[in-house]
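2 protein chains.
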Amino acid sequence: MALPVETFFLQPDAQGTLQSQIQQMIAQGILSGRFQPGEKLPSTRKLATHLGVSRITVTIAYTELLANDYLTSKGRSGYFVSENAPTPPSFSPTPDAEDAVDWARALGQRFSGGVTPSKPQDWSKYRYPFVYGQADQSLFDHANWRLCALQALGQRDFESMTSDYYDQDDPNLIEFIARHTLPRRGITAKPEQILITMGAQNALWMTAQVLLTQRRRAALEDPCYHALRDILIQSRCHVNPVRVDADGLPPEAIPPDTDVIFTTPSHQCPTNATMPLARRRALLERARQMDALIVEDDYEFETSFLRAPSPALKSLDTDGRVIYVGSFSKSLFPGLRLGYLVGSEPFIREARALRASVLRHPPGHTQRTAAYFLSLGHYDALVRRMGNALHDRRARMEEGIRAHGLQVAGQGAHGGSSFWMRAPDHIDTHALAARLRQRGVLIEPGQSFFGGAERPRNFYRLGYSSIPATRIADGLAELARGIAQTSGIGHIRA
Amino acid sequence: MALPVETFFLQPDAQGTLQSQIQQMIAQGILSGRFQPGEKLPSTRKLATHLGVSRITVTIAYTELLANDYLTSKGRSGYFVSENAPTPPSFSPTPDAEDAVDWARALGQRFSGGVTPSKPQDWSKYRYPFVYGQADQSLFDHANWRLCALQALGQRDFESMTSDYYDQDDPNLIEFIARHTLPRRGITAKPEQILITMGAQNALWMTAQVLLTQRRRAALEDPCYHALRDILIQSRCHVNPVRVDADGLPPEAIPPDTDVIFTTPSHQCPTNATMPLARRRALLERARQMDALIVEDDYEFETSFLRAPSPALKSLDTDGRVIYVGSFSKSLFPGLRLGYLVGSEPFIREARALRASVLRHPPGHTQRTAAYFLSLGHYDALVRRMGNALHDRRARMEEGIRAHGLQVAGQGAHGGSSFWMRAPDHIDTHALAARLRQRGVLIEPGQSFFGGAERPRNFYRLGYSSIPATRIADGLAELARGIAQTSGIGHIRA
Chain P
1 MALPVETFFL QPDAQGTLQS QIQQMIAQGI LSGRFQPGEK LPSTRKLATH LGVSRITVTI
61 AYTELLANDY LTSKGRSGYF VSENAPTPPS FSPTPDAEDA VDWARALGQR FSGGVTPSKP
121 QDWSKYRYPF VYGQADQSLF DHANWRLCAL QALGQRDFES MTSDYYDQDD PNLIEFIARH
181 TLPRRGITAK PEQILITMGA QNALWMTAQV LLTQRRRAAL EDPCYHALRD ILIQSRCHVN
241 PVRVDADGLP PEAIPPDTDV IFTTPSHQCP TNATMPLARR RALLERARQM DALIVEDDYE
301 FETSFLRAPS PALKSLDTDG RVIYVGSFSK SLFPGLRLGY LVGSEPFIRE ARALRASVLR
361 HPPGHTQRTA AYFLSLGHYD ALVRRMGNAL HDRRARMEEG IRAHGLQVAG QGAHGGSSFW
421 MRAPDHIDTH ALAARLRQRG VLIEPGQSFF GGAERPRNFY RLGYSSIPAT RIADGLAELA
481 RGIAQTSGIG HIRA
Chain X
1 MALPVETFFL QPDAQGTLQS QIQQMIAQGI LSGRFQPGEK LPSTRKLATH LGVSRITVTI
61 AYTELLANDY LTSKGRSGYF VSENAPTPPS FSPTPDAEDA VDWARALGQR FSGGVTPSKP
121 QDWSKYRYPF VYGQADQSLF DHANWRLCAL QALGQRDFES MTSDYYDQDD PNLIEFIARH
181 TLPRRGITAK PEQILITMGA QNALWMTAQV LLTQRRRAAL EDPCYHALRD ILIQSRCHVN
241 PVRVDADGLP PEAIPPDTDV IFTTPSHQCP TNATMPLARR RALLERARQM DALIVEDDYE
301 FETSFLRAPS PALKSLDTDG RVIYVGSFSK SLFPGLRLGY LVGSEPFIRE ARALRASVLR
361 HPPGHTQRTA AYFLSLGHYD ALVRRMGNAL HDRRARMEEG IRAHGLQVAG QGAHGGSSFW
421 MRAPDHIDTH ALAARLRQRG VLIEPGQSFF GGAERPRNFY RLGYSSIPAT RIADGLAELA
481 RGIAQTSGIG HIRA
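Protein sequences appear in the order of chains P and X. UniProt numbering puts the first sequence at residues 1 to 494. UniProt numbering puts the second sequence at residues 1 to 494.
Please note that the accuracy of each hint is not assured.
[As the list claims (entries may be wrong)] Covered stretches of chain X, going by a simulated chain P footprint (3 or more residues, C-beta under 8 Å): (1) 49-60; (2) 67-80; (3) 116-129; (4) 198-208; (5) 225-231; (6) 272-283; (7) 357-369.
These are calculated hints, taken from the structure and not from any lab test. Glycine included, every Cβ here is placed at the ideal spot set by N, Cα and C.
Based on the sequences and whatever the hints tell you, model everything.
In structure tokens:
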């Protein structure tokens, strides 16, 4: 039986080349049982005409399917669905039924319902996306990333890419981090003191698992990265929020029975405060007195476009007391999911064993691609290019903020990619964000960064890593209008 | 100052193209401070002669470094280290000191020291690697994987690759699994019932976190996948090992107060037993009576080269009681770290929230590459090609096993990639494996698969997914010799 050419359609919104779309359409027809073994396909000429593509495109797709044994060709009589092609299952699938399981009872532990807010995934469709931590595709060096990925896909690297590393990492990436990345933060580390993670999130999560129990006490900055608060709450340790000031975490305010201190000294999240050197020493001394450990999240040190970043807290640590968290997700792109932990060997050994149990290791190909991108100098060039763009955007942000009388609550001394903002006291920035969104303006409400009983509602974060420079002025004008209108209507407190 | 050409060397064992090696060498010289801003590089002609490469190669490397601002060129006077090039840090790194931290006290939880054995990472260098679960590079469709990865690296897919998915997955991959992969196992699932994981290991780990607590009871097969036992021990639930027989897990032997049953019905790990249909129904009935959940690890169903695989246990589940674990790590390559969980929405919702906290999501590029590889039919072609090779190897394995009178304890009815073997009672296969390794033969000692007080020492696993067919006969001969010699010398029990 011949398959009628009319049953062949390309999806209007399909991705990939025409050739791969055709190949995919036929493979899926066979897999779903629509096309049966022995059935004859339309001739390449006929199908090409029907789909409005060139005949060679169809021929290549057919040839590919021949190689995969989906099709066979019988000389001049054409192409047929192969007898060896995969067949759809003969058994019929389970109908959609009501669960007989009482899930409220069956679930041993709950993980949903944390404080981490969900952000709009379609942020790039908004005109004024003052979002934080997303990649700006116009700045990323896509071409060279692609070349490095290709190199890592080559036959020579294939073994390292396909192997199960068990609990190990790509030695090339570890070596680059040890020899080039960490020295720039003033840190020396041996390969055994470094563990690759699935981004900073994963590094913080593993650290909490290894160091905390229900009986231990963690101090964390308030406000702080909300996902970190969720991680600590899930670990069931005692959590003590410590309010930060203009210099970051005040050491004297840390409760004396603390076991682990989580901090962002170079760039407090979200206030952007930089901890001065004297306070860093005081923090280390306080930790020493309490025999506490310090977890340093050194996120965003690469965005120091105003002046050189201060050395990491870890660089001052002679006790082995500081565990350092680094990330490439911010500076390369968040979908990469690549970061690292640096710490003493007894700690890294446990984190490595935990990682092996949870997921074995981050994918080999991703690690090798990053290793090439770093060692060929593309990473530094990217950081410099991003720095220039952020510098320009920051100047425009400052201009607009001044022009509209918006209030800055915190900004990075070295650079960064966001402003921590304070709206008039009576404004709930959650409601404000919802209204602004309808006008194409995305801001991040600040409440979820705070812990404790009193969580201010009038803070918000303005990121400038994803908004084009030319839209900043209009975006801030729109934001200022939104705040003014909120102040005008309704709310009695003022 | 001109940099003397003599200080430039290519590493003899370096990877990548010559051009990228040169680029890397210069970038690292600058990063490490060996080459200072303003210093003049050798001319392309001079460096090319010195390194023994073509001049164009050096020129391209220099041009690339110009673009990255590591070098500048001053017309005809040549190339210089750029004033904008990254500089090494001015602060000196911390010296290597003794830790002042008492790690025995500081570590809250231990994860190292589990039963999962460490396997030789250099297995491919051995002549007779009867290892299990590693990729055979000679069978993998490297060319098409590379093309799919390239397509996923294209501008059109770039957004999905670089974005932070938050807690979501690549919709293309989810759709393919729902429409094509699961129906072949008799399973219908909506996208909300599917979660992508970092391999089966990660799927099993998440399942244990969501379903188990210190107060809950898990039943698991004995012997079983050792990493699963480690996961359950770490979860601190009560673990009841249930001895399997020739048909897999016997439902009546499962303790009546069990909350979660972990099983491998289609292909028991490591004995390869296939659970008959009647027992599957009995297992579901037993779980229903106890109101227990079942976690089905459907690993290796793709290696059914002898006859079609039986439908998954999940396909018989009308209660929503079965949680299904699938993996692409085995059939594609283990370094990929890609698998999936299928279950009722309340379960998947918690697993998704847990995953977001632990690592957010598996990398976008990996997901999209797999989606292309699957939907273009390359995956099915690969499975068929692997099936043919495994079929041939299995025949040779059976021949050699018969010829040397080795005893098979379990083999797959549908195919598979290993034999579960029994050595004479007095033999400790751990010691045997160590001796055989010196003769180039790798086998997997069986003891670590067993739980409970009595762990037999005389079992072992022989994988044939990584050993070339032509070496099987000699490898088995060497193995038989090893066993005979062990029997001859020493051990008194016989």
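Hints, one by one, checked against the model:
no., hint, verdict
1, 49-60, "violated (count 0)"
2, 67-80, "holds (count 4)"
3, 116-129, "holds (count 5)"
4, 198-208, "holds (count 5)"
5, 225-231, "holds (count 3)"
6, 272-283, "violated (count 0)"
7, 357-369, "holds (count 10)"
In terms of the numbered hints stated before, the structure departs from hints 1 and 6, listed from lowest to highest.
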